[in-house]
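Using the sequences and the hints given, assemble the complete structure.
There are 2 protein chains.
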Amino acid sequence: MKPTFSLRLRIFNLNCWAIPYLSKHRGDRMKRLGDFLNMESFDLALLEEVWSEQDFQYLRQKLLPTYPAAHYFSSGVIGSGLCVFSKHPIQEFTQHVYTLNGYPYMIHHGDWFCGKAVGLLVLHLSGLVLNVYVTHLHAEYNRQKDIYLTHRVAQAWELAQFIHHTSKKADVVLLCGDLNLHPKDLGCRLLKEWTGLHDAYLETQDFKGSEEGCTMLPENCYVNQRELEPFPFGIRIDYVLYKAVSGFYISCKTLRTTTGRDPHSGTPLSDHEALMATLCVRHIPPQHTPSPTHGLAERSRLVSILKEAWIELDLGVAQARWWTTFAGYVIGLGLLLLALLCALAAGGGVREVAILLWTPSVGLLLGAGAVYIFHMQEAKGLSGARAELQHVLGRAREAQDLGLESQPALLLGQQEGDGTEEQ
Amino acid sequence: MKPTFSLRLRIFNLNCWAIPYLSKHRGDRMKRLGDFLNMESFDLALLEEVWSEQDFQYLRQKLLPTYPAAHYFSSGVIGSGLCVFSKHPIQEFTQHVYTLNGYPYMIHHGDWFCGKAVGLLVLHLSGLVLNVYVTHLHAEYNRQKDIYLTHRVAQAWELAQFIHHTSKKADVVLLCGDLNLHPKDLGCRLLKEWTGLHDAYLETQDFKGSEEGCTMLPENCYVNQRELEPFPFGIRIDYVLYKAVSGFYISCKTLRTTTGRDPHSGTPLSDHEALMATLCVRHIPPQHTPSPTHGLAERSRLVSILKEAWIELDLGVAQARWWTTFAGYVIGLGLLLLALLCALAAGGGVREVAILLWTPSVGLLLGAGAVYIFHMQEAKGLSGARAELQHVLGRAREAQDLGLESQPALLLGQQEGDGTEEQ
Chain A
1 MKPTFSLRLR
11 IFNLNCWAIP
21 YLSKHRGDRM
31 KRLGDFLNME
41 SFDLALLEEV
51 WSEQDFQYLR
61 QKLLPTYPAA
71 HYFSSGVIGS
81 GLCVFSKHPI
91 QEFTQHVYTL
101 NGYPYMIHHG
111 DWFCGKAVGL
121 LVLHLSGLVL
131 NVYVTHLHAE
141 YNRQKDIYLT
151 HRVAQAWELA
161 QFIHHTSKKA
171 DVVLLCGDLN
181 LHPKDLGCRL
191 LKEWTGLHDA
201 YLETQDFKGS
211 EEGCTMLPEN
221 CYVNQRELEP
231 FPFGIRIDYV
241 LYKAVSGFYI
251 SCKTLRTTTG
261 RDPHSGTPLS
271 DHEALMATLC
281 VRHIPPQHTP
291 SPTHGLAERS
301 RLVSILKEAW
311 IELDLGVAQA
321 RWWTTFAGYV
331 IGLGLLLLAL
341 LCALAAGGGV
351 REVAILLWTP
361 SVGLLLGAGA
371 VYIFHMQEAK
381 GLSGARAELQ
391 HVLGRAREAQ
401 DLGLESQPAL
411 LLGQQEGDGT
421 EEQ
Chain B
1 MKPTFSLRLR
11 IFNLNCWAIP
21 YLSKHRGDRM
31 KRLGDFLNME
41 SFDLALLEEV
51 WSEQDFQYLR
61 QKLLPTYPAA
71 HYFSSGVIGS
81 GLCVFSKHPI
91 QEFTQHVYTL
101 NGYPYMIHHG
111 DWFCGKAVGL
121 LVLHLSGLVL
131 NVYVTHLHAE
141 YNRQKDIYLT
151 HRVAQAWELA
161 QFIHHTSKKA
171 DVVLLCGDLN
181 LHPKDLGCRL
191 LKEWTGLHDA
201 YLETQDFKGS
211 EEGCTMLPEN
221 CYVNQRELEP
231 FPFGIRIDYV
241 LYKAVSGFYI
251 SCKTLRTTTG
261 RDPHSGTPLS
271 DHEALMATLC
281 VRHIPPQHTP
291 SPTHGLAERS
301 RLVSILKEAW
311 IELDLGVAQA
321 RWWTTFAGYV
331 IGLGLLLLAL
341 LCALAAGGGV
351 REVAILLWTP
361 SVGLLLGAGA
371 VYIFHMQEAK
381 GLSGARAELQ
391 HVLGRAREAQ
401 DLGLESQPAL
411 LLGQQEGDGT
421 EEQ
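Keeping their order, the protein sequence lines are chains A and B.
Numbering of the first sequence is given in the UniProt record's numbering, commencing with residue 1 and proceeding in unit increments.
Numbering of the second sequence is given in the UniProt record's numbering, commencing with residue 1 and proceeding in unit increments.
The hints are simulated quantities; they were obtained by calculation from the structure and are not laboratory data.
Treat the hints with caution; some may be incorrect.
Since the list gives no way to pick out one identical chain from another, each pair is judged satisfied if it fits inside one copy or across any two copies.
Unchecked claim - In silico lysine to any residue, SDA-like type, Cα no more than 25 Å apart, as pairs:
hint	residue 1	residue 2
1	Lys169	His283
2	Lys307	Ala69
3	Lys307	His164
4	Lys184	Gly209
5	Lys184	Leu64
6	Lys169	Met106
7	Lys307	Leu296
8	Lys87	Arg397
9	Lys169	Ala244
10	Lys243	Ser41
11	Lys145	Lys307
12	Lys169	Val245
13	Lys87	Leu393
14	Lys243	His283
15	Lys307	His283
16	Lys243	Trp322
17	Lys243	Glu229
18	Lys307	Ala70
19	Lys87	His391
20	Lys169	Ile250
21	Lys62	Gln390
22	Lys243	Pro285
23	Lys87	Arg395
Here it is as structure tokens:
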């Protein structure tokens, strides 16, 4: 690789809000999105909420000359809604479906059926290994009483761990998507602090677009205005995050967002705003590679975020266990009721009533059984994530006791040598 | 690292068959397993089918002086049953739960409830990065008519991809576990060919133990003799697999298995046999690092295995879609029946019969709905894995057309440079 190596990457990200039968002007918006992507000719276009594979196939055909490589990440009952179009060949791809993703009985919210996931693409560009991640986390339906908070924190941790473990040999890491997290939310801080990813909106010198970089705006005609009432400028929940891992330097030259309107037809491309980033990757000659410095402040910030996340997951485990116990009692009660009904039916007297009540009792039993199984699974999933956090926290505390300076680096497995038998 | 660097690793693996209330002599076997592990003082002990976390906690307490680090991988409703005890500090761990793992309505088989997964541990030993994977794939209940074959192939692919993407910076990779795959089964060949892992039993010069390295033996008193009838020596489904990735050479000095009996008390430790391997890792000075050579034969073997797996998954997708369609028809029929019953109940005449039939109809509807959702999810999961295989196959064919020699290396992402805009 030449020492003057420099690579410019133009990235597009959009949550397309393309739900068959439900999303307004879906066909027209898909068509205009395709035209726009063809016209702009980005290096990578990462899309979320493309729920119908027919829409993906339509875009694939339309974008084929400009974006020869494309992939749809299949998962869940409906989704995952994630897809990607690339100007450059995709070397490898894989996906990781989140262990926890809402509740199947919250049918009106539907997230459980989507199989929310993170998709990974590996690209080799002029000798540079680029790991691109695209994701969509669980939606937030009520910020005051958010019953999905724990699941979203667990997803953010799973996402951070997946990126951490799969990007160890990458030169550049890029994460785009709808995180359904505000910049200061626990999940967002956890993700950024654990992976070391930088936020394009905060880093760029040249931003043009919506006020405060928001990606859901009140002026967008598809947005539910009531939901955005507490946020006069809108909310920022879609992100372009990046980092360079080794010997490279990455910066965001420009960041643009759409602003809730389309200059031509008047209706926007989606209920979310699109993000368009121009990233520049440069090679740092070995003698100029800055050694990572991690101060006390950075370390204690990481530790406090890890603690906060641990507490959140611990609460979630307790709640999931409460539901399991409750469902267990209902199962016991249902069995008792069934035995009583069988005895009544055999004895005569209120025989017909007993037979009539038999099937609802079986229904109750099966329902409670399903709730039991689901929340047991939830408790196990949350315990798994909590154990990982606990381990990282334990190591952070050990290091604090030893007074080590470079804790985040050590925690992230960049330091070696524990001493074992060597012959 | 010294050029004469050499590391000896003693590994223990056992599927413990520790199902609360069901497995015979569980408490006694756990106690003896703990004593044995303490006595032998392995570097790593990897266990499967430790279904109760109480058993894990018991072992943890017992093994604490010899194995200060331990972890249980939590997932599913019951499991995952995977745990690990290590003499050396564990730097990092994470887990990946398989997308597909049997059917929830096959309650008597129970695999769906276990949340089968792969656990990853990262250890740093004298500057060497060791990635250890422990797993347990879906059981095989009927080899002649194996309804779980597709799921097991999909799991093997997911496992291979997880190892491939998370071990890129590891020096040594180790995979232990109960794969529920015979050595020549498609899943086993796919896993070995895609990851490049070597089989300790086939590689070692010094093997002592069961005939043909089998890990389920007819002479083991806990084994269902009828199931092993077609295999007079038993079957080999538990493995120690390994590879060195960069600048290191790994070999299996010795491999031992238990032989279905315990020399002292007479009853074995489990229905599976334990594997005990001594691995030796040596440093290869840069000038002696052999360049990987991948010939035509190797390439065409990989392509043919990938094709075979693709066909298997494609059959699985078709079958899952058939079930979805079937459940869809049943849902339609159930709705029709419900409407008819409502009309009859309103009209009089056979009113009581109509009311009586109402609840079973609702039950039928809900049941069919659950089957629909489950198989839809199955089809999406299998499609995801099939798309990954399709991509790899496509690239293999492209390379064949170009007449490239080092295809597996290229497919595994070891070759760089595609040509993109460079300024």
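Taking the hints in turn, this is what the structure says about them:
Proximity of lysine 169 and histidine 283 under a CA criterion of 25 Å is satisfied in both settings, with 16 Å inside one chain copy and 20 Å between copies. Only between protomers do lysine 307 and alanine 69 lie at most 25 Å apart by alpha-carbon distance; the minimum there is 21 Å, versus 42 Å within a single protomer. In the homo-oligomer, the alpha carbons of lysine 307 and histidine 164 lie at most 25 Å apart inside one protomer (19 Å), although the nearest pairing across protomers, at 31 Å, exceeds that limit. Taking the shortest Cα distances, lysine 184 and glycine 209 sit within 25 Å of each other inside one copy (21 Å), while across copies they are farther apart (58 Å).
In the homo-oligomer, the alpha carbons of lysine 184 and leucine 64 never lie at most 25 Å apart, since the shortest distance is 39 Å inside one protomer and 40 Å across protomers. For the identical chains of this complex, lysine 169 and methionine 106 are neighbours neither inside a copy (40 Å) nor across copies (41 Å), given an alpha-carbon limit of 25 Å. Taking the closest pair of Cα atoms, lysine 307 and leucine 296 come within 25 Å of each other only inside a single copy of the chain (16 Å); across copies the shortest separation is 53 Å, beyond that limit. Taking the closest pair of Cα atoms, lysine 87 and arginine 397 come within 25 Å of each other only across two copies (21 Å); inside a single copy the shortest separation is 46 Å, beyond that limit.
Taking identical chains as interchangeable, the C-alpha atoms of lysine 169 and alanine 244 lie at most 25 Å apart whether they share a chain (11 Å) or sit on different chains (16 Å). Taking the shortest Cα distances, lysine 243 and serine 41 sit within 25 Å of each other inside one copy (23 Å), while across copies they are farther apart (42 Å). In this assembly of identical chains, lysine 145 and lysine 307 lie within 25 Å of each other by CA distance solely inside one copy; the values are 22 Å within and 50 Å between copies. Taking the shortest Cα distances, lysine 169 and valine 245 sit within 25 Å of each other both inside one copy (8 Å) and across copies (13 Å).
With identical chains, the CA atoms of lysine 87 and leucine 393 are at most 25 Å apart between copies only, with a shortest distance of 20 Å across copies and 41 Å within one. Proximity of lysine 243 and histidine 283 under a CA criterion of 25 Å is satisfied intra-copy only: 13 Å inside one chain copy versus 32 Å between copies. Neither within a single protomer nor between protomers do lysine 307 and histidine 283 lie at most 25 Å apart by alpha-carbon distance, with minima of 36 Å and 40 Å respectively. Taking the shortest alpha-carbon separations for lysine 243 and tryptophan 322, neither the intra-copy value of 41 Å nor the inter-copy value of 45 Å comes in at or below 25 Å.
In this homomeric assembly, lysine 243 and glutamate 229 never come within 25 Å of each other (Cα to Cα): the closest approach is 34 Å inside a single copy and 57 Å across copies. Taking the shortest alpha-carbon separations for lysine 307 and alanine 70, only the inter-copy value of 21 Å comes in at or below 25 Å, while the best intra-copy value is 40 Å. Taking identical chains as interchangeable, the C-alpha atoms of lysine 87 and histidine 391 lie at most 25 Å apart only when they sit on different chains, with a minimum of 16 Å there against 41 Å within one chain. In this assembly of identical chains, lysine 169 and isoleucine 250 lie within 25 Å of each other by CA distance both inside one copy and across copies; the values are 16 Å within and 21 Å between.
In this assembly of identical chains, lysine 62 and glutamine 390 lie within 25 Å of each other by CA distance solely across copies; the values are 22 Å between and 48 Å within a copy. Only within a single protomer do lysine 243 and proline 285 lie at most 25 Å apart by alpha-carbon distance; the minimum there is 17 Å, versus 32 Å between protomers. In this assembly of identical chains, lysine 87 and arginine 395 lie within 25 Å of each other by CA distance solely across copies; the values are 17 Å between and 42 Å within a copy.
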